[in-house]
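Given the sequences, and given the hints that come with them, work out the whole structure.
Just so you know, the sequences run in chain order A and B. For the first sequence, numbering that gives the first Met the number 0 gives the first residue as 0, with consecutive numbering after it. For the second sequence, numbering that gives the first Met the number 0 gives the first residue as 0, with consecutive numbering after it.
Accuracy of the hints is not assured; some may be wrong.
Across the chosen pairs, the derived CB separations fall in these ranges [as the list claims (entries may be wrong)]:
#1 A:Val244 / B:Leu44: 19 to 27 Å
#2 A:Pro87 / B:Val133: 48 to 56 Å
#3 B:Gly57 / A:Ile235: 54 to 62 Å
#4 B:Ala105 / A:Arg112: 54 to 62 Å
#5 B:Asp42 / A:Gly232: 24 to 32 Å
#6 B:Val133 / A:Lys175: 37 to 45 Å
#7 A:Gly130 / B:Phe159: 43 to 51 Å
#8 A:Val244 / B:Gly73: 51 to 59 Å
With a straight-line cut-off of 30 Å between C-alpha atoms, the simulated DSSO-like cross-links for lysine-lysine are [as the list claims (entries may be wrong)]:
#9 B:Lys152 / B:Lys164
#10 A:Lys212 / B:Lys152
#11 A:Lys108 / A:Lys175
#12 A:Lys102 / B:Lys164
#13 B:Lys164 / A:Lys108
#14 B:Lys164 / A:Lys212
#15 B:Lys152 / A:Lys102
#16 B:Lys152 / A:Lys108
#17 A:Lys175 / B:Lys164
#18 A:Lys108 / A:Lys176
#19 A:Lys176 / B:Lys152
Because the hints were derived from the structure by calculation, they are not lab data. These numbers come from a predicted model, not from an experiment. Yeah, the Cβ is synthetic: ideal placement off N, Cα and C, and Gly gets one too.
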Amino acid sequence: MRMKIDLKIMRPASGVAALLFVLAHTVALSAQVASFTLPDAPTPNLLAFADGQQSPTQATPPATSSSSPQTPSKTGAPPSLGDLGLSPEQIQGNAQAQALLDKRTHMLKVHQRLGLLTTIPLATTLFASAGAPCNHNCGPSAGADFHAALGSVSVGMYAATAYYAIRAPRIPGTEKKGAIRWHEALIWIHGPGFILTPILGAMALSQQDNGQKVHGIAAAHSAVAVTTFAAYGASIVAVSWPIHVKFWEHQ
Amino acid sequence: MKNRCLLVFMLLTLPALPQADRTWILDQSTLTYHMSHPLHEVDGLSHAAKGKGVCHAGQCDFLLAAPVKSFDSGDSNRDLHMLQVTRGAQFPIVSVRLRLPEANLASPTLDCDLEVQFAGNTAHYSHVPFTQIVEGTVHHITGTVPSTLTDFKIDPPSFFTVPIKNEIPVRVDAIWHPL
Numbered sequence: 000m001r002m003k004i005d006l007k008i009m010r011p012a013s014g015v016a017a018l019l020f021v022l023a024h025t026v027a028l029s030a031q032v033a034s035f036t037l038p039d040a041p042t043p044n045l046l047a048f049a050d051g052q053q054s055p056t057q058a059t060p061p062a063t064s065s066s067s068p069q070t071p072s073k074t075g076a077p078p079s080l081g082d083l084g085l086s087p088e089q090i091q092g093n094a095q096a097q098a099l100l101d102k103r104t105h106m107l108k109v110h111q112r113l114g115l116l117t118t119i120p121l122a123t124t125l126f127a128s129a130g131a132p133c134n135h136n137c138g139p140s141a142g143a144d145f146h147a148a149l150g151s152v153s154v155g156m157y158a159a160t161a162y163y164a165i166r167a168p169r170i171p172g173t174e175k176k177g178a179i180r181w182h183e184a185l186i187w188i189h190g191p192g193f194i195l196t197p198i199l200g201a202m203a204l205s206q207q208d209n210g211q212k213v214h215g216i217a218a219a220h221s222a223v224a225v226t227t228f229a230a231y232g233a234s235i236v237a238v239s240w241p242i243h244v245k246f247w248e249h250q
Numbered sequence: 000m001k002n003r004c005l006l007v008f009m010l011l012t013l014p015a016l017p018q019a020d021r022t023w024i025l026d027q028s029t030l031t032y033h034m035s036h037p038l039h040e041v042d043g044l045s046h047a048a049k050g051k052g053v054c055h056a057g058q059c060d061f062l063l064a065a066p067v068k069s070f071d072s073g074d075s076n077r078d079l080h081m082l083q084v085t086r087g088a089q090f091p092i093v094s095v096r097l098r099l100p101e102a103n104l105a106s107p108t109l110d111c112d113l114e115v116q117f118a119g120n121t122a123h124y125s126h127v128p129f130t131q132i133v134e135g136t137v138h139h140i141t142g143t144v145p146s147t148l149t150d151f152k153i154d155p156p157s158f159f160t161v162p163i164k165n166e167i168p169v170r171v172d173a174i175w176h177p178l
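Here it is, written out as structure tokens:
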């Protein structure tokens, strides 16, 4: 019996441990800013220089001519990028910065897919919660075990989702604008929620298995869970906002 | 004698006058791309374009260029994704070149053959109509470049597994003046 209780607690605890592991890395990684910078936006630089153009077929950065950057374009010659006041640094491609963007996009795509997939066990856990609590003659129940197992899967998948967002490289000099700000702000609700919910759930399960009605702080398990689920759903909607449903116009 | 010298001078220089180089400068501009998805309609704007035109021997060559990263759709996450799919770090500039007869520069409509370099590829667009309003020396030109993702070999980004539309028209609103 003692061993059974321990296993029940261990199930949600394993999800929490995974989440804590990810969050522990957050501190170290939040300061991790990629060292590569994207080419600067143009400045009102009146210096002119002769330049080469972007090669239409080569997948290499556009080359610049070896001419002096101060040389004005020849009389009657078509204008070049240098004539516009763009510096070689602004024209020159940066393969490392591109690789960084590629890595960022890849990780955020995985984050998006995992995040959407996580809604499946999360919603199922909520539905399964109907069979979890006891009304009388409390004790071990299959409904509560099933609910706890689904919750553990949800927390584990949430941890993996968070991992890919946290590890995605930051792009220096980017001011966050638009829907992403709401998406990130909601972390402050569903992040702690995903830690608290399984802890409270484990406490509630333990009390129930000991033949007690759920009491104390454990009684807040369902309220915390619903709030967490709502914040998580809102986070998904927020990052997609504004939505203009126009399926009939799409080809 | 003095008048004769002046006449000879004028006769000699007159044929050369049409050949004189003339430079055009882009005062201000707004480039706007439009992206369509069943769930999203997005416009990305850039006011950072720079442009110059050089007229020589009756022909004018124009160049307009903007940093890809200067396009702002109002969502930094989307802008970074746009920068990634268009290989904007590797090919940071989008440029448009066109050649027009100098005699047509005051026309209310301009029929332009464009060469657009973007995402490491070059696309040509023939007979793109632009409208022009001339006020004094200021030429206000508007038109839309019918660009597509496939023109530049860009893989269409997708959202909820549904790709965006291939058509990415770019509206050009530019004010030029001759120097």
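Going down the list of hints, with the structure as the test:
1. A:Val244 / B:Leu44: 19 to 27 Å: 24 Å, holds
2. A:Pro87 / B:Val133: 48 to 56 Å: With Cβ atoms ~36 Å apart, the hint is violated.
3. B:Gly57 / A:Ile235: 54 to 62 Å: 60 Å, holds
4. B:Ala105 / A:Arg112: 54 to 62 Å: 55 Å, holds
5. B:Asp42 / A:Gly232: 24 to 32 Å: 28 Å, holds
6. B:Val133 / A:Lys175: 37 to 45 Å: 42 Å, holds
7. A:Gly130 / B:Phe159: 43 to 51 Å: 32 Å, violated
8. A:Val244 / B:Gly73: 51 to 59 Å: The hinted range 51 to 59 Å is violated for Val244 (chain A) and Gly73 (chain B), with Cβ atoms some 19 Å apart.
9. B:Lys152 / B:Lys164: 14 Å, holds
10. A:Lys212 / B:Lys152: 63 Å, violated
11. A:Lys108 / A:Lys175: 18 Å, holds
12. A:Lys102 / B:Lys164: 24 Å, holds
13. B:Lys164 / A:Lys108: Within the cut-off at roughly 19 Å; holds.
14. B:Lys164 / A:Lys212: Not satisfied, since the Cα-Cα distance of roughly 56 Å exceeds 30 Å.
15. B:Lys152 / A:Lys102: Satisfied, since the Cα-Cα distance of roughly 20 Å is no more than 30 Å.
16. B:Lys152 / A:Lys108: 21 Å, holds
17. A:Lys175 / B:Lys164: 26 Å, holds
18. A:Lys108 / A:Lys176: The hint holds at about 19 Å.
19. A:Lys176 / B:Lys152: Cα-Cα ~28 Å, so holds.
Checked against the numbered hints given earlier, the structure breaks hints 2, 7, 8, 10 and 14 and satisfies all the rest.
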